[in-house]
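Visitor: Sequence:
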Amino acid sequence: MMYAKLAFRNIRRSLRDYIIYFVTLTLTAALMYSFLALGLSPDILAMTENMSMLTTGILILSALIAFMSSFIIGYAVRFMLGQRKKEFAAYELMGMEVKTVRNLFLVENGIIGGVAFLLGALIGTGLSGLLNQVIQNIFEVPHTYRVLFSFRAWGMTLFFFILMYGFGMFRAAKVIRRQKVIDLLYDNQKNEEIGFHSLLRSVLTGLLSIAVMVAGVILLEKGLHIQTNEALLYCGGACLLILVSVYELHRKIPVLLYLLAKRNPQRKYREENLFFLGQIGRRIQSSGRTMAVVAILLTISLTTMFIGLTMGAGYKANMEAYYPYDAGVAIDAPLTKDSMNSVLSFVEERCKVEDSVTYYLYTVPNEAIEALSLSDYNHLREILGLSPVSINNNEFFVHCDTWNYMDDIRQRLEQQPEITLNGQTLTAAETPILTEPMEQYQMAGTNGYVLVLPDKVASQLSGEKIRLVMKLADGGYPELRSELRQFLNSGEWLPDIQPGQELPEKMTMGITVKAWGVANSLTGFTTLSFCGLYLSIIFIILSCSVLAFEQLSSIDKNRKNYAVIDRLGVSSQKQVALIRKELSTVFFIPLLFPIILTVFLIAGTQLLFGKSFLQEGLVLFYGMVTILLFCAIYLTYFGATMFLFKKVILRPEIR
3 MMYAKLAFRN IRRSLRDYII YFVTLTLTAA LMYSFLALGL SPDILAMTEN MSMLTTGILI
63 LSALIAFMSS FIIGYAVRFM LGQRKKEFAA YELMGMEVKT VRNLFLVENG IIGGVAFLLG
123 ALIGTGLSGL LNQVIQNIFE VPHTYRVLFS FRAWGMTLFF FILMYGFGMF RAAKVIRRQK
183 VIDLLYDNQK NEEIGFHSLL RSVLTGLLSI AVMVAGVILL EKGLHIQTNE ALLYCGGACL
243 LILVSVYELH RKIPVLLYLL AKRNPQRKYR EENLFFLGQI GRRIQSSGRT MAVVAILLTI
303 SLTTMFIGLT MGAGYKANME AYYPYDAGVA IDAPLTKDSM NSVLSFVEER CKVEDSVTYY
363 LYTVPNEAIE ALSLSDYNHL REILGLSPVS INNNEFFVHC DTWNYMDDIR QRLEQQPEIT
423 LNGQTLTAAE TPILTEPMEQ YQMAGTNGYV LVLPDKVASQ LSGEKIRLVM KLADGGYPEL
483 RSELRQFLNS GEWLPDIQPG QELPEKMTMG ITVKAWGVAN SLTGFTTLSF CGLYLSIIFI
543 ILSCSVLAFE QLSSIDKNRK NYAVIDRLGV SSQKQVALIR KELSTVFFIP LLFPIILTVF
603 LIAGTQLLFG KSFLQEGLVL FYGMVTILLF CAIYLTYFGA TMFLFKKVIL RPEIR
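Position in the sequence shown (first residue = 1) + 2 = my numbering.
Incorrect hints may appear among the rest.
Pair ranges (Cβ atoms, derived) [stated by the list, open to error]:
| id | residue 1 | residue 2 | range |
| --- | --- | --- | --- |
| 1 | Gly116 | Ser54 | 28 to 36 Å |
| 2 | Pro501 | Phe611 | 39 to 47 Å |
| 3 | Asn491 | Leu386 | 48 to 56 Å |
| 4 | Asn368 | Gln413 | 15 to 23 Å |
| 5 | Phe611 | Leu120 | 42 to 50 Å |
| 6 | Leu120 | Thr437 | 19 to 27 Å |
| 7 | Gly641 | Arg561 | 32 to 40 Å |
Rather than coming from a laboratory, the hints here were simulated on the basis of the structure. Keep in mind the model is a prediction, meaning the values are calculated, not measured. Just so you know, even glycine gets a beta-carbon here, dropped at the ideal spot from N, CA and C.
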């Protein structure tokens, strides 16, 4: 009981030292609980058979996060011990045993950790409901926001939290036991020695690091164009080279800039720059490796978040275009429409067919475009729940749900607003292009667009590709795809060829079942997206925590330095500006190359894969979301560190 009272008093007195620590623990617990609750949710697991991939991924990442967080907790504990060395030395000088001091510190941290865990679980409960909604929206399941508490997820979170917290506390106990009173009293009075490599060596190392980064980018570009397993070797080597170069650049470029600034007398002795350079020099010397490691973590975080969000959203956008119909059969051969009746009967034996349409994709003479009759087109629209379209007998229009073809088609229609088919001239309709998702690489066209003609005109063309689209009462089931394929390839199905037509040498056959597409494709991409988001946010939080602790660890020395310039007559406004400039520089250094590489990654993805996504601007949008989400977390930690710095260092009347 005595320990608890003393611990509560010490927590209140040392509240500033615990703020960053408490926020980090709370956010880690909140994210861990929310994602575990998502992965263990019965509603989510019931969506598809292989949704257990998401659970497995989140459990593995939670174990990894607990392991990594334990080192951050150990780092934070060392920071707090450094801030309270004199206090602990005073306890020991007054006769308190080392064991008692250790127990007191552990009780304090136990209280902080317990409150952080409970608050994090509460926040995570609300967040898990939001994540559930996101996944249900991806799978097009009707949903409302619900807050559900999961005892299983709570137990798993508590288990991982105890593991990471216990490891950190174990290291803290060892540090306290080994510290001598003399070290506790005078450790912070030891002089710092600032020493750097020569300017030439720093320049050469920086240039070599840039060359390594360029080599990594070249390897990555080559790997993305290789279709074999060799691509993994190229991409893995490229990522390793890029991360090594990021580390070395963040070790050498700050040193290089510092040395160049000191060599410029005009800049060095201008106003308070001499003091500022001294402060930054000590930061680079003492925290250089830490900032370089943080830069690597931030690079991984931003890359993982961007790829995860873009991949998930891109596939979701493409899914709506690839699988707009419950089931469909596409055969590139001039078969009769009666040939598809047995296929329809086969499906009806397994699930109720609410509606269906058998139609041709007509060949347009001398044009690289196929045609649909207006009646078949409107039947497809009816199946999709879209309103019908009407045109005059001498009009046509183009349907294109692939945004990267829009400009070319629009330009072509402006140049050639009329077409002539079998002696009849048609003009573009009032709305010449429609864009609703209709799957135009297999079902409603094979090139990403289709020409829609009046029935009379279309019937005079050759129908060399036949399609069957079905709307199923219950949406079908994943195994229907393999059953249909087996039926079409068996001897049970006997198709008829149109009179006067011949089968092509190579007949292409395609089968689409929406339930199969969702179950076997979307699940994997959802797993990657959410696991990437989980890992990246935790990495950003841990990186920001390390930076904040690194700056706050030298707060006592900074207080003395700022007290000196205060006595020398430096104004309060300039002191505040110096603190802002110093912390901004320290937080900006690890951010430089991760942001640059992320911008290049976004631009490269847009250039190489932008046309693969059927939603225009998707890559740029999620690139912006990645940067904004990162900045929100990063600036929160920066603001908290700035607040604590000013509160401790400056006199009350200056703050």
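Visitor: Determine for every hint whether it applies to the structure shown.
Guide: Hint by hint, here is what the structure shows:
A hinted range of 28 to 36 Å for the beta carbons of Gly116 and Ser54 is consistent with their spacing of about 32 Å. Separated by about 45 Å at the C-beta atoms, Pro501 and Phe611 satisfy the suggested range of 39 to 47 Å. Take Asn491 and Leu386: their Cβ atoms lie about 29 Å apart, and the range 48 to 56 Å is violated. For Asn368 and Gln413, the hinted distance range of 15 to 23 Å is satisfied, since their beta carbons lie about 19 Å from each other.
Checked against the given bound of 42 to 50 Å, the beta carbons of Phe611 and Leu120, roughly 44 Å apart, stay inside it. As the Cβ distance of Leu120 to Thr437 is approximately 50 Å, the hint placing it in 19 to 27 Å is violated. For Gly641 paired with Arg561, a C-beta distance near 20 Å fails the hint of 32 to 40 Å.
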